[in-house]
Amino acid sequence: MSSHFDDEALRAAYEPALRESTTRHGPDCPTESELLSAVRGAGDEAERLRVLDHALKCPACRRELALLHAVSSGETRAAPRRIRDLSWHRWRPAVMAASLVLAVGLAGVVRVRSRGPEEVMRAGAAAGPVLVTPANGAAAGAGLVRFVWRPIPGVIQYTLEVDATDGTVLFSSPTRDTTFMAPIAPTAAGDHRWLIRAKLEDGSEKRSEARVLRVR
Amino acid sequence: MQAKPPLIGAMTTTGTHLRLVRDDELPAVPEQPYVRVMSGPGLDRVSSTIEALITRFRTMVRSIGARRGLVEADLDEVLQDVRIRLWQAGEGGKVLDDLGSSYLYTVATTAALDLLRRRRARRADDTEDIREHTDVTTDTASPHDAVEARELASQIDAAIDTLSIDRRVAVRFHLAGYDREDIARMLGWTEARTRNLLYRGLDDLRRRLTVMGISPRRTG
Chain A
20 MSSHFDDEAL RAAYEPALRE STTRHGPDCP TESELLSAVR GAGDEAERLR
70 VLDHALKCPA CRRELALLHA VSSGETRAAP RRIRDLSWHR WRPAVMAASL
120 VLAVGLAGVV RVRSRGPEEV MRAGAAAGPV LVTPANGAAA GAGLVRFVWR
170 PIPGVIQYTL EVDATDGTVL FSSPTRDTTF MAPIAPTAAG DHRWLIRAKL
220 EDGSEKRSEA RVLRVR
Chain B
266 MQAKPPLIGA MTTTGTHLRL VRDDELPAVP EQPYVRVMSG PGLDRVSSTI
316 EALITRFRTM VRSIGARRGL VEADLDEVLQ DVRIRLWQAG EGGKVLDDLG
366 SSYLYTVATT AALDLLRRRR ARRADDTEDI REHTDVTTDT ASPHDAVEAR
416 ELASQIDAAI DTLSIDRRVA VRFHLAGYDR EDIARMLGWT EARTRNLLYR
466 GLDDLRRRLT VMGISPRRTG
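Heads up: the protein sequence lines correspond to chains A and B, in order.
If you're matching positions, the first sequence starts at 20 in this note's numbering and goes up one per residue.
If you're matching positions, the second sequence starts at 266 in this note's numbering and goes up one per residue.
This is chain A alone, in the form it adopts within the complex:
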């Protein structure tokens, strides 16, 4: 056997330390709100490091960290879907069509990038992403709706968000592309607002303008 720990051996050897579990907190433990802020990546980095450094070592906080992480950060991992059941079989034809549209959309992005630096600047380097389609106030039927926006530099991830007029988030999905096919349920008829949030490498976020989408 090697005299060095490989990854698997290290995890196995450390595992007994992780088995200890308790709900007893000490005076140095962060509050549950501080834990949640750290899980969400809020606040400054030094504070997040301090809270997480403690939480990963303390059995009581580690258990809470696991719970808060699982219930709050799954949104960015789980496949986006409306609560109405959207089975694969039901949407297979539309999804296949969406793949084609996505391919067209990506080709469009390549064309946008090939237009030179002026176009990139107009695409929103100084501000948030510039929305392309649907147009402001455009009407759409229930089904898959294609959203397109212009890229901006230094982006880790875009998030498409469709909100009801009262601000409730109806649909939210992360993507690295600048085209997204979103399923709109028939029950979502009415005026909605859509926008793109762009998370940048430096941790900041830029937002596009919000446009109205009318679902018939």
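For the record, the hints were derived by calculation from the structure and aren't laboratory data.
Do not rely on the hints blindly, as some may be mistaken.
[To be verified] Distance condition first, Cα-Cα at most 16 Å in a straight line; then the derived EDC-like pairs of lysine to aspartate or glutamate:
#1 A/Lys-218 <-> B/Asp-422
#2 A/Lys-218 <-> B/Asp-426
#3 A/Lys-76 <-> A/Asp-47
#4 A/Lys-76 <-> A/Glu-34
#5 A/Lys-76 <-> A/Glu-39
#6 A/Lys-218 <-> A/Asp-196
#7 A/Lys-76 <-> B/Asp-422
#8 A/Lys-76 <-> B/Glu-456
Starting from the known structure of chain A, fit chain B onto it as the hints suggest.
For chain B alone, coordinates are given in the frame of chain A:
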């Protein structure tokens, strides 16, 4: 009878659209106070919609939390609260079919936060935690091996403590089952920075363990 959320007894529905009503507006079947309000076709549909949501959500959350130390009992407690809050959402006229998945995550996060606050408030030292004993009951190794394994884990922990804080946090996340995407998101790091700090941290740790004379042989 199975324990049910208390608010169910004061609800009715039109399709999957909930609204709260006074209890005297409900059809009276005194001998079955809970079942009577679940007997209508609309309520059946609401109930099954909520249960389908909860089941799907549980699967998603468990898939994320399983390798990271999520305690099943904690999740069950949160989901019971989520179930009640979904019923309550009807009071505001929300249509269940139209609620986005982000709404569920928001509700679940609030429920989890409330659970942690309640636990801390009622003095955690009064709480019986069944997982506190799992390292004793599930270990098939001999008592001597178990003690040695804990001692080795403790030495690794001490070695991790000597790393710089950013590498230390990255390494602890990694060993606790979190992936690089988790670490990057929580710490606001890029993927490249996360990878760099993690790998350097693991290298540092291995060097420290070598200097301390700790090798994998001791695990066998």
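So, going through the hints one by one against the coordinates:
no.: 1; hint: A/Lys-218 <-> B/Asp-422; result: 34 Å, violated
no.: 2; hint: A/Lys-218 <-> B/Asp-426; result: 32 Å, violated
no.: 3; hint: A/Lys-76 <-> A/Asp-47; result: 12 Å, holds
no.: 4; hint: A/Lys-76 <-> A/Glu-34; result: 12 Å, holds
no.: 5; hint: A/Lys-76 <-> A/Glu-39; result: 10 Å, holds
no.: 6; hint: A/Lys-218 <-> A/Asp-196; result: 13 Å, holds
no.: 7; hint: A/Lys-76 <-> B/Asp-422; result: 8 Å, holds
no.: 8; hint: A/Lys-76 <-> B/Glu-456; result: 23 Å, violated
In this structure, the earlier hints numbered 1, 2 and 8 are contradicted, and the remaining ones agree with it.
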